[in-house]
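Trainee: Residues per chain, in single letters:
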Amino acid sequence: MPIELLPVGIFWLGALLAAIRHDSARWIALVTPVIAALVSVMLLAPGVAADWQIMNYTLAAVRVDQMTLVFVGLFHLAGFLAAIYALELNDRIQAPAMLAYVGSGIGAVLAGDLVMLWLFWEMLALTSVVLVWARQTPEATAAGIRYLVFNVLSGVTLLAGIAHLGVSGHDLALGPLALDSPGGWLVLAAFGIKCGFPLLHNWIPDGYARASAAGSVILVAITTKVGVYSLARTFAGEELLMIVGTVMALWPLVYVLVEDDLRRVLAYSLMVQIGLMVAGIGAGNEIALDGVSMHVVMDVLFKMLLFMALGAVLVQAGTVRASQLGGLGRRMPWTMGFVIIGVLANSATPGTGAFLSKKLLLGGIEHAGVGPIWYALLTSLSALGVLYAGVRVLYEAFLRAPRTSFDGGDASFPMRLAMGIITALLLVAGLFPWLTDALRPMASDYQPIKLAKILDQFQLLLFALLAYVVLNKLGLGLPASNRRTLLDTEWLYRKLIPALARHGAALLGRMSKRIGNVIRIADRHPGNGHVANSLARGSPTGSMAFWAMVLLAVMLFAGIWRS
Amino acid sequence: MKDRLIRYLVVAAVVLGGLGLFIRPDSGVDRMPGFYPLTGVAIITLVVLVVRVLTRLIERPKDEYDAD
Chain Y
1 MPIELLPVGI
11 FWLGALLAAI
21 RHDSARWIAL
31 VTPVIAALVS
41 VMLLAPGVAA
51 DWQIMNYTLA
61 AVRVDQMTLV
71 FVGLFHLAGF
81 LAAIYALELN
91 DRIQAPAMLA
101 YVGSGIGAVL
111 AGDLVMLWLF
121 WEMLALTSVV
131 LVWARQTPEA
141 TAAGIRYLVF
151 NVLSGVTLLA
161 GIAHLGVSGH
171 DLALGPLALD
181 SPGGWLVLAA
191 FGIKCGFPLL
201 HNWIPDGYAR
211 ASAAGSVILV
221 AITTKVGVYS
231 LARTFAGEEL
241 LMIVGTVMAL
251 WPLVYVLVED
261 DLRRVLAYSL
271 MVQIGLMVAG
281 IGAGNEIALD
291 GVSMHVVMDV
301 LFKMLLFMAL
311 GAVLVQAGTV
321 RASQLGGLGR
331 RMPWTMGFVI
341 IGVLANSATP
351 GTGAFLSKKL
361 LLGGIEHAGV
371 GPIWYALLTS
381 LSALGVLYAG
391 VRVLYEAFLR
401 APRTSFDGGD
411 ASFPMRLAMG
421 IITALLLVAG
431 LFPWLTDALR
441 PMASDYQPIK
451 LAKILDQFQL
461 LLFALLAYVV
471 LNKLGLGLPA
481 SNRRTLLDTE
491 WLYRKLIPAL
501 ARHGAALLGR
511 MSKRIGNVIR
521 IADRHPGNGH
531 VANSLARGSP
541 TGSMAFWAMV
551 LLAVMLFAGI
561 WRS
Chain P
1001 MKDRLIRYLV
1011 VAAVVLGGLG
1021 LFIRPDSGVD
1031 RMPGFYPLTG
1041 VAIITLVVLV
1051 VRVLTRLIER
1061 PKDEYDAD
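For the record, the sequence lines run as chains Y and P.
Residues 1 to 563 in our numbering are what the first sequence spells out, letter by letter.
Residues 1001 to 1068 in our numbering are what the second sequence spells out, letter by letter.
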């Protein structure tokens, strides 16, 4: 294995140590990202490349450019912040899983070809599901299985796409791909599952809302971002993505605005932001790709901040259901302060780093020549951010009169420290924009910080808030929070498919019984375990193995003959 | 409280809207005066009203899922 993959190896070694020495697992989780980051600084720079020779095949194990470094740095930072947040937890499962997960994410973005990407893709799936299961509730176990099914499906689809591309003579380097072959479509579908394309998205709100408090914090930082990175590498400029991204950014809004579980609200809003990034990748110009890179960083920061805050609420109040919360502002003033900054960033308010990244991204989409209505739809997501993050999370949990009594205090010191660091980063990025130049890998010269742009954003947010307050006064505001369950496409696999399977199994059972009856009558089976003739004889295992071998041999020869 | 909030928001909207008539981007689809105020009001109104209707359609009975 090339030395350039050492940062990944350090994370896995840390995971191994944390699994063995679970008494000091949280400290290992804290130190590992720091050591790995130092090693990354020494080994990785734009232009670094390394191959990995396995038997007669050469894998492009590492290819580094400026965009790779943005994601590598982000994942190190996310791992470190999540470790600080989880410092009070002495969990023998989460710390190793978290380290292995972050290491897999870094390996995926370092990958220089599709085969290496696929290897880390699968590791991401296997390590991340542990963080869902770590909550150790029956709901989390079931959600983890569904999460794993989707992510493994994504891996299998990617492998099928790679196989098709390989057989048809395509280069397997992680570079631009066209949708001119089934292989290209399969790779796009695999990336689409990881990004949460419409109808392929349900594992995101399902899994993230049921993961442990610390697990959900790191989950929002890596998996979907690896999907966005892979998409940016391979399908930048693919116009279809502008349509997919726009749909993806708009349709979860219904759930965002009425869902009762506030972590599901954030998970759906994560999909809205990813939709915006996918549309930016579809635009494909330098400004848009710079915007995607920077917005990934900002989105990870403010989403981690909001998930951290809700994790603290979950720990202290025992629930994150809007219908059961309220009045936490007095009990958790620090957490509420951090949520306010997170809400402002989520709404791309000037003064936060998210304003910069969102304007850059929208600038790129505008340069791709979209019409005013399309542009207005994407721009307005900031205004809707006021509603979904501001009204739903801030108001429902912290500002509204309490619905149930609650004796807990504010978040613990490590939790507050992690949230404080993120808050500082978001504000520093917003107030000193030149510090974020390294997050623009394409080095476009677009300047999003202009007086007119700042004024425009304030107008958008203010008029949106005014419209909502007036609607609310007229009795036309959002439906009141209550313990409701909303129908989403997950109904297909959580209700419809199991019901069909149950009915199908029952039907097969009845049919099998009737066929058995017919055979018994035709064969004059004497019963009491006595065998009458050949039809009633059981097949010995050796015979089954023989026939299976014959069938496999026939298939093998058929395959050789066909090739 | 709500009336006072509306009053403050209206005053702020008038001030910002007025400034926005004079300070505009040089180019792009958003250089039209009133683009952002109109977008903010139109989108919020449309989305909130649509969500109110859709919620009735997609809501399922309690405990339909294994909600925790």
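Quick caveat, the hints were computed from the structure, so don't treat them as lab data.
Keep in mind that the hints are not guaranteed to be accurate.
[Said to hold, decoys possible] Which chain P residues face chain Y? A few, computed with CB under 7 Å, are given here:
#1 1011
#2 1012
#3 1014
#4 1015
#5 1021
#6 1024
#7 1028
#8 1046
We put the CB at the ideal spot given by N, CA and C, even for glycine.
Trainee: For each hint given before, does the structure comply? Return the numbers of the non-compliant ones in rising order.
Mentor: Numbers 1, 3, 4, 5, 8, in rising order.
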